[in-house]
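With the hints as constraints, model all of the structure from the sequences given.
Under full-length UniProt numbering, residue 161 is the last one in the sequence shown; the count climbs by one each step, no gaps.
Hints listed in this document are in silico derivations from the structure and should not be mistaken for laboratory results.
Please note: incorrect hints may appear among the correct ones.
[Stated by the list, open to error] DSS-like cross-link-like pairs, simulated, lysine-lysine; straight-line CA separation at most 27 Å:
| id | residue 1 | residue 2 |
| --- | --- | --- |
| 1 | 42 | 31 |
| 2 | 146 | 157 |
| 3 | 81 | 70 |
| 4 | 83 | 70 |
| 5 | 70 | 80 |
| 6 | 96 | 80 |
| 7 | 25 | 42 |
| 8 | 40 | 26 |
| 9 | 154 | 121 |
| 10 | 59 | 70 |
| 11 | 95 | 81 |
| 12 | 95 | 80 |
| 13 | 59 | 42 |
| 14 | 109 | 94 |
| 15 | 83 | 96 |
| 16 | 55 | 40 |
| 17 | 121 | 109 |
| 18 | 40 | 25 |
| 19 | 55 | 70 |
| 20 | 59 | 49 |
| 21 | 121 | 157 |
| 22 | 55 | 42 |
Computed from a prediction, not measured in an experiment: that's the story for all the values here.
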Amino acid sequence: MDMFEINLTSVVQLMSFLLLLYFLKKFLYDKYFEVMDARKEKIEGEIAKAEQLRKEAEKLKNEATEELRKIRSEADSIIKKAKDEAENIISDAKKKAEDEASKIIAAAKDEIERQRAEMIKEVEQRVGEIAVALAMKVLKGTLDEKAKREYLVKVLKGSEK
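In structure tokens:
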């Protein structure tokens, strides 16, 4: 007995199997691989699209980060400018206040000096009047000799100052 015997049943089974393979290939195999290839292409397309979207999102993120950095820099610049302007305004206000205070002090000193000169003039005028009155009294003889001398000395000392 041979190990491999060929009989009609084996041939029919082989023919049936080959016929089954033929029909499977013709009707299922090609369509199966078409569907699988289409699915593979679709998946690869989706992966490429997802990668493109990821790159676009990364680009937008970088742009947003750069824009935010610019905005922060601009905000810092505006804040610094505002602080500098506020310091200038405060400095100008202090200078104006100091100038105004100096003017007020100078005006007060001028007024004091004017009043002082006026008082000195008034005192001198009064001294002159008193001297004239004294001279009149001396001339009229209403004072005694000792009182005349004391009064004249007093008037003369007062007018020398």
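Going through the hints against the structure:
1. Of the supplied pair hints, the one linking residue 42 and residue 31 holds, its CA atoms being roughly 16 Å apart against a limit of 27 Å.
2. With a CA separation close to 17 Å, the supplied pair residue 146 and residue 157 stays within the 27 Å bound.
3. Distance check on the hinted pair: residue 81 and residue 70 sit about 16 Å apart at the alpha-carbon level, within 27 Å; holds.
4. A threshold of 27 Å between alpha carbons decides the hint, and for residue 83 with residue 70 the separation of about 20 Å falls inside it, so the pair holds.
5. Simply put, residue 70 and residue 80 have alpha-carbon atoms about 15 Å apart, close enough for the 27 Å limit, and the pair holds.
6. The suggested pairing of residue 96 with residue 80 holds, with an alpha-carbon distance near 24 Å, which does not exceed 27 Å.
7. With a CA separation close to 24 Å, the supplied pair residue 25 and residue 42 stays within the 27 Å bound.
8. Between residue 40 and residue 26, the direct Cα distance comes to roughly 21 Å. Compliance with the 27 Å bound is thereby established for this hinted pair.
9. For the hint linking residue 154 to residue 121, the alpha-carbon distance of about 19 Å falls within 27 Å, and the restraint holds.
10. Note on residue 59 and residue 70: the hinted pairing holds, with a Cα-Cα distance of about 16 Å set against a maximum of 27 Å.
11. Distance restraint check for residue 95 and residue 81: the Cα-Cα separation of roughly 21 Å lies within the 27 Å cut-off, and the hinted pair is therefore satisfied.
12. For the suggested pair residue 95 and residue 80, the alpha carbons sit about 22 Å apart, so the restraint of at most 27 Å is met.
13. Restraint check: the Cα-Cα separation between residue 59 and residue 42 comes to about 25 Å, which is no more than 27 Å; the hinted pair holds.
14. Between residue 109 and residue 94, the direct Cα distance comes to roughly 22 Å. Compliance with the 27 Å bound is thereby established for this hinted pair.
15. Straight-line distance between C-alpha atoms of residue 83 and residue 96 comes to about 20 Å, which keeps the hinted pair within the 27 Å bound.
16. Between residue 55 and residue 40 the alpha-carbon distance is near 22 Å, which keeps this suggested pair within the 27 Å criterion.
17. Only pairs whose Cα atoms come within 27 Å are accepted, and residue 121 paired with residue 109 is accepted, the gap being roughly 18 Å.
18. The straight-line distance between the Cα atoms of residue 40 and residue 25 is roughly 20 Å, inside the 27 Å bound, and the hint therefore holds.
19. Between residue 55 and residue 70, the direct Cα distance comes to roughly 22 Å. Compliance with the 27 Å bound is thereby established for this hinted pair.
20. Our distance criterion of 27 Å between C-alpha atoms is met by residue 59 and residue 49, whose separation comes to about 15 Å.
21. Straight-line distance between C-alpha atoms of residue 121 and residue 157 comes to about 17 Å, which keeps the hinted pair within the 27 Å bound.
22. Of the supplied pair hints, the one linking residue 55 and residue 42 holds, its CA atoms being roughly 20 Å apart against a limit of 27 Å.
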